[in-house]
Amino acid sequence: MYLRSLSIILAFFLCFQTFAQDFPLNQLTTDNWDLGNWKLAESIDNPYKKKAGFTAGNKILFSNTPGKTTSKLITADAKVKFDFTLGNNSDAIFYIQGRHGIVLSNTRAMGAIIRPDGTLQLPEQNAGKAVGLWQTLEVTFSDAPFGGALIIEKVTLNNVVIHQGYVIPTKTSNEGPLVFENKTGSIGVSNLQYLKYGNEKPLKLSDLTYEMYETYDWNQQFAPKSTTPNDKGTTTTLTKDFGAGYNRFLLIFRGNLDVEKDGSYSLILDYAGKGSLKIDGKDVIPAENGESYRKPRVAFLELTKGKHPIEIRYNKVWWRAELGLFAAGPEIRPYALHAGTSLPSPQAVGEIDIKPTSQVEMVRSFVMFDGKKRTHVISVGTPAGTHYTYDLDQGAPLYAWRGDFADVTEMFHERGEPQLLKPKGVKTTFSGKPTVAMLANANANMPDTLDAYKELIYKGYALDTEGLPTYKYQYSGAELTQKLVPSADGSITTTITANGSNNLYVKLGEAKNITMVNKGLYVLESPNNDSYIQLDPKLKPIVRSNTKAGQEIILPLTGSVSYTILW
Amino acid sequence: MKKTFILLLFTISGVFAQNRPLVEEDFYRIVTLPVPHGIELEVGGLSVLPDGRLGVATRRGDVWLISNPYMKNGTMPTYKKFATGLHEPLGLNYINGNLWATQRGELTVLKDTDGNGVADQYEAFYKFPLSGNYHEYSYGPVLLPNKDMLITLNLGWIGHGASLSKWRGWMLKLTPDGKMTPWATGLRSPAGFAVLSNGDIYYTENQGDWVGSGRMTQLEEGDFAGNPEGLIWTSEPNSPLKLQASNVPDTGEPMYDVASKVPNLKVPAVWFPHTLMGISTSDIAEDLSGGKFGPFEGQLFVGDQGHSKIMRVFLEKVKGKSQGACFPFREGFQSGILRMQWGLDKSMFVGMTSRGWSSTGKDEFGLQRLEWTGKTPFEMKTIKSMPDGFLVEFTQPVDKAVAKDPESYKVNSFTYKYHHNYGSPIINTKSLKIKAIQVAEDGMSVRLAIDSLRLGYIHELRLEGIKNTEDRALLHNFGYYTLNNINDAAPKMDVAKYAVIEKKPADEHAGHSMSNMPKTDMKATAKRINEIPESWGGKVDQTITIGTKPGLKFDVAKLQVKAGSKIRIVFNNNDDMLHNLVIVKPGTVGKVGEAAFKMGLDGESKAYVPELSEVLFHTGLMQPEAQETIYFVAPSTPGDYTFVCTYPGHYTVMQGIMKVVK
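As they're listed, the protein sequences go chains E and L.
Under my numbering, think of the first position of the first sequence as 355, with each following residue one higher.
Under my numbering, think of the first position of the second sequence as 3, with each following residue one higher.
Keep in mind that the hints are not guaranteed to be accurate.
Residues of chain E placed beyond 10 Å of chain L at every Cβ, according to the derived structure [to be verified]:
1) K393
2) V485
3) K525
4) N545
5) G599
6) N601
7) I606
8) V717
9) T729
10) I908
Here are the simulated lysine-lysine pairs, BS3-like style, with alpha carbons at most 30 Å apart [as the list claims (entries may be wrong)]:
11) E/K826 with L/K149
12) L/K321 with E/K826
13) L/K321 with L/K437
14) L/K82 with E/K813
15) E/K628 with L/K560
16) L/K319 with L/K499
17) E/K649 with E/K615
18) E/K813 with L/K321
19) L/K129 with E/K787
20) L/K168 with E/K826
21) L/K149 with E/K727
Okay, the calculated bits of chain L under chain E, using three or more residues with CB under 8 Å as the criterion [claimed, not checked]:
22) 86–93
23) 129–136
24) 206–220
25) 589–600
Quick caveat, the hints were computed from the structure, so don't treat them as lab data.
We put the CB at the ideal spot given by N, CA and C, even for glycine.
When you get a sec, could you build the whole thing from the sequences and use the hints?
Have a look at this one:
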């Protein structure tokens, strides 16, 4: 009984978390903390810098001596997210409810949950980043509704899920502050955000009417066949069922959104087909051009107490009719405003993954990058545990990651309709733009794309004895090769060669800020995507500012160039 | 187990007590290659190597080399992974000492330069764009006699077929130095294609949008095979045709009639009537075995993915154009047949996969070999066009007395609509009268003079009464001849001399079902009520929505209703195939499914719902993305009732349980 109710509760939470991910979190500013022996910093020096220290300020909680800092915020049921950076040989603990610890460390299991007996519940994989880089931890937890336990619903480290549904039995009341404890070394914490959940439901629908119009086949699929509705009436529930019996239809609901008290809220529209939402006559979720399948869309709203006119439009196309509208607030988990039957929960599919246990694995697939599908892509996984994805069309790495290799469920489950491979570990994201380009001079812009059929001609790859590919191209009269060698220490070394052309440049990387830490070591900083580039200290790369991404680091290509990425 | 039992019963009670009836297996034997555990051998491509090995490209992206695939004298095959990481390769060939595989976006040459048995060079021979749609499959290469190669590119699927990137829906020709010429378009799902020994290029097409039924079409340069989506690229400078999609009428007239008005539109040489032959045509294999594969030298074998079977095709040239007949050949393979290749010993390797598209063969994938046992089956060897009808040739002499009896034959003709819809009902069916029968002196052939031949129509010849001189029936007693041209160059038959004696209409039952073909739209009946019954007073106790999922599945496996309650079921066919939904009495799904399967030509017009008391409620036959609502009162007896799609080939897998409770 206990297990059964627990699994139902977990399923419930997991399902809602997927909708909640875009909801803005509250900032927990530094004045919300009892500092103890911690300090407030404006910035922290990279630990690889000689005489690394910090600059005093008000942005970062910083500690380089053992001790604790405690929040004034008390939570029982919350989501907490923060950025942190560790110095060399550093070990710290983040506590929720004042007593349940998660390890932040580069000397022991990063991300482990400390059990009440002091032993560690290890993370599903090591998702920690290199020393000195900013990392992100997100924890969602709640006081178990069945009592006597804390549920750590989900822990995400650097966008990798490392724990889900871990239950810690408790004897005392399950609430308390957030605490950071520095055990050894140094740690900086910034950008701490939270959502503290309650059980209120301050938004509801009232005075609803509906109109249903049959629409045309796919050649003009959103257009109603007639200007008079096939059906209309009043209703107390928001449901797709008013279209039952029609292959394709447009359903329009009008009514009021009753708001109990002034505040920030969100409305989440989830549907299969085409949907839009108006509040107070404004398009808060406008209609998209085409149809989409179950991609929840969110509107963030400031609403005053009282009734607000609402209009929900929904077009069923060739998928089964599915329509849902959720309400949420800063302290309110999303809850349904629709009838339960209107939005079925999709059947989850067991994962198909690829594990490179004894040899290098290669997978050609489609891969999502920056919101678009790249179609000629190879992913290479190594038994060393470091992997990458590479766009063969552009001669450009897309992602590199450590830990588990690839989730290929969307390629090999049934027809594999998305045909997408998903990286599983802690990753760094590259620009996805061509690595090599011919420039008129060192000040000319690097191109965002090259024509994969006229300019950069992909010729294939050769495998070395370990099975690692070297990619071959023809480009502007030059023969190019590019090889990426992942290593067990979690870095990737890229070697590029060229012969037969001049004025070639290699883009080593791009980021919001690129800073030289030491000769031959650069740190590339972008939101959630910090990395290092290491190269021969004798080489003199050019760091150029005012590019679209912020800055880029390039190097003339004569003969061959080699550099290493760490993250 | 059940099959064996039925067979056994039949044997005991059979008329020919001295001999059990002969079955396909007596003539063609299926040998299954064992697949090591852990290998997902979802066959996308097959290639026979001259050194006795067999190359297999899988949908998971691997290329396996199988040593000793012939397993002679009880020996076992061994598997070695030659290449990996390809993007769903659906074609493999061995050309100039190398394996060539067609991935989704690239034709790749796989080279083993260090001779360790594993490819170490993956050369991009020809790369082509993709939009990223899963349905953008790519096939080939097929080698032409002049060393050029052919590849074909499947349309994407966005609720209908669509050419979302360049040359999708086309067959392309590549020279050995990589120069590409677009060859022909109008292709929808061109998984099977081949160049025959006479140099003619054929491809098979699956039923779908603009494709009323499976078919096989000869492709010459600049041909348009029927699906207009690929025409979006005819304005490209190297397109061999200029036809635009707007020039293709969407009227539902038969394709043969439309072809007389639309330049480039090519009619198929052979139609494979949907469900009567197969449901999804695949590879083509020409019998050049010199008799080592049985009596069908020079004929073609065509695979069927959904029905896990192989069909046989006889082609002839009439007035310079190819046309011919298809016959059943061998069924009972383990999974969905995608690839067929001749082994060195002239047996046939058959490569299979059913992931995403279920098949009657229940395995997820498989590799089998089909070999001739040396016995000759009693079959119609050919059907040939004659000025006044057809000539049917047999593999063994017929009993002349029964061959002279018109009751031994039934002849019908019909065709399909040519339109943007998915598939087509059978239309314009006509039962044809046999005017004269001439049995050859040696008993090896029969000339039939037939009334009202129609050009462009499929002519069904059913020879249910024909026996050979040993009193055995034909192994398969029907074939379908696609009559695009009448061979009036052949000598005429003396119709007066061989005329059949007219029967009185009262005796005539040969055309009973055909002459009164029901309308193609099935009307509502007591078992199919689409409006809420007035007596319900507008009140429904329970509304249930059932959809479909790819791979022959309903999206609901189990549902529960209260006995005697008023039920509304909304059935959405959101798959890309035709489906119905039939609710049957507990434990009767096998009987109903088999009866639906046997409905033959009648089936489609009756939505494949057999007239049985076991059938309680049903929808019509639904187009992809169509929806129908039915109303009924749940049975009063509690139990597990089955809801099932009885579309042929579907019922064994596409099922769910409607639990009726008190």
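Practice task
Check each numbered hint from earlier against the structure, then list the numbers of those it violates in ascending order.
Solution key: Hints 5, 6, 8, 9, 12, 18, 21, 24 and 25 not satisfied by this model.
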